[in-house]
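**Student:** Sequence:
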Amino acid sequence: MYKQRHQKGFYWDEVGAGIREIGVLEMEIFIYNQHLVMVVEASLDFDWEKSFEKLSEMPIQIKWEEYMAMFQDADSKASSSEKWQRMERIFQLP
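The numbering of the sequence shown is the working numbering, which starts it at -13 and goes up by one.
Please keep in mind that the hints were generated in silico from the structure rather than gathered at the bench. For glycine and all other residues, C-beta sits at the position ideal for the given N, C-alpha and C. Please note that the accuracy of each hint is not assured.
[Claimed, not checked] Once the Cα atoms are required to be at most 16 Å apart in a straight line, the calculated EDC-like pairs of lysine to aspartate or glutamate come out as:
1) Lys69 <-> Glu39
2) Lys(-11) <-> Glu7
3) Lys63 <-> Asp33
4) Lys63 <-> Glu74
5) Lys36 <-> Glu7
6) Lys36 <-> Glu0
7) Lys49 <-> Asp(-1)
8) Lys49 <-> Asp61
9) Lys(-11) <-> Asp59
10) Lys40 <-> Glu7
11) Lys63 <-> Glu52
12) Lys40 <-> Glu68
13) Lys(-6) <-> Glu14
14) Lys40 <-> Glu0
15) Lys49 <-> Glu0
[Claimed, not checked] With beta-carbon atoms standing in for the labels, derived distance ranges:
16) Gln58 <-> Pro80: 32 to 40 Å
17) Glu39 <-> Glu14: 28 to 36 Å
18) Asp59 <-> Pro80: 16 to 24 Å
Model the full assembly from the supplied sequences, consistent with the hints where possible.
**Tutor:** The structure is reproduced here in structure tokens:
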């Protein structure tokens, strides 16, 4: 169900507009079993914490997070900035 909710016809276009509004240029989510990885492309001066805090305050994003919580092992009131954390890159092919 989680995968389906991210497909055309189920995904809320207003959520994508909000993500672009905070400065995200491209976003992909990958799934393996119960593990998710999000890849985000943004400008070099993109501030993850400030931008995702702004996103988490948008009314449509709040509704989306509450809606999607039923498919996640997360608090239904948790914001995007609480659910999605930056990962440390430990390798890049030279």
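**Student:** Taking only the CA atoms, is the gap from Lys40 to Glu68 under or equal to 16 Å?
**Tutor:** holds, 12 Å
**Student:** Between Lys63 and Asp33, does the CA-CA distance stay at or below 16 Å?
**Tutor:** Distance ~23 Å between Lys63 and Asp33 Cα, so the pair is violated.
**Student:** Sort out whether Glu52 lies within 16 Å of Lys63, counting only the CA atoms.
**Tutor:** holds, 6 Å
**Student:** Holds or violated: Lys40 and Glu7, Cα atoms, limit 16 Å.
**Tutor:** Roughly 10 Å separates the two Cα atoms, so the pair holds.
**Student:** Measuring from beta carbon to beta carbon, are Gln58 and Pro80 in 32 to 40 Å?
**Tutor:** holds, 36 Å
**Student:** Against the 16 Å threshold, does the CA-CA distance of Lys(-6) and Glu14 hold or violate the hint?
**Tutor:** holds, 14 Å
**Student:** CA of Lys49 to CA of Asp61, is that 16 Å or under?
**Tutor:** Status holds; Cα separation ~13 Å.
**Student:** For a C-alpha distance cap of 16 Å, please report whether Lys49 and Asp(-1) respect it.
**Tutor:** holds, 13 Å
**Student:** Note whether the CB distance of Asp59 and Pro80 lies within 16 to 24 Å or breaks it.
**Tutor:** violated, 37 Å
**Student:** Just to be careful, I want the Cα atoms of Lys40 and Glu0 compared with a cutoff of 16 Å; is the pair within it?
**Tutor:** holds, 15 Å
**Student:** Would you check the hint for Lys36 and Glu0, treating anything up to 16 Å between C-alpha atoms as holding?
**Tutor:** Violated - the C-alpha atoms of Glu0 and Lys36 are around 20 Å apart, more than 16 Å.
**Student:** Does the alpha-carbon distance linking Lys63 and Glu74 stay inside the 16 Å limit?
**Tutor:** violated, 26 Å
Consistency with the previously given hints fails for numbers 2, 3, 4, 6, 17, 18, ordered from lowest to highest.
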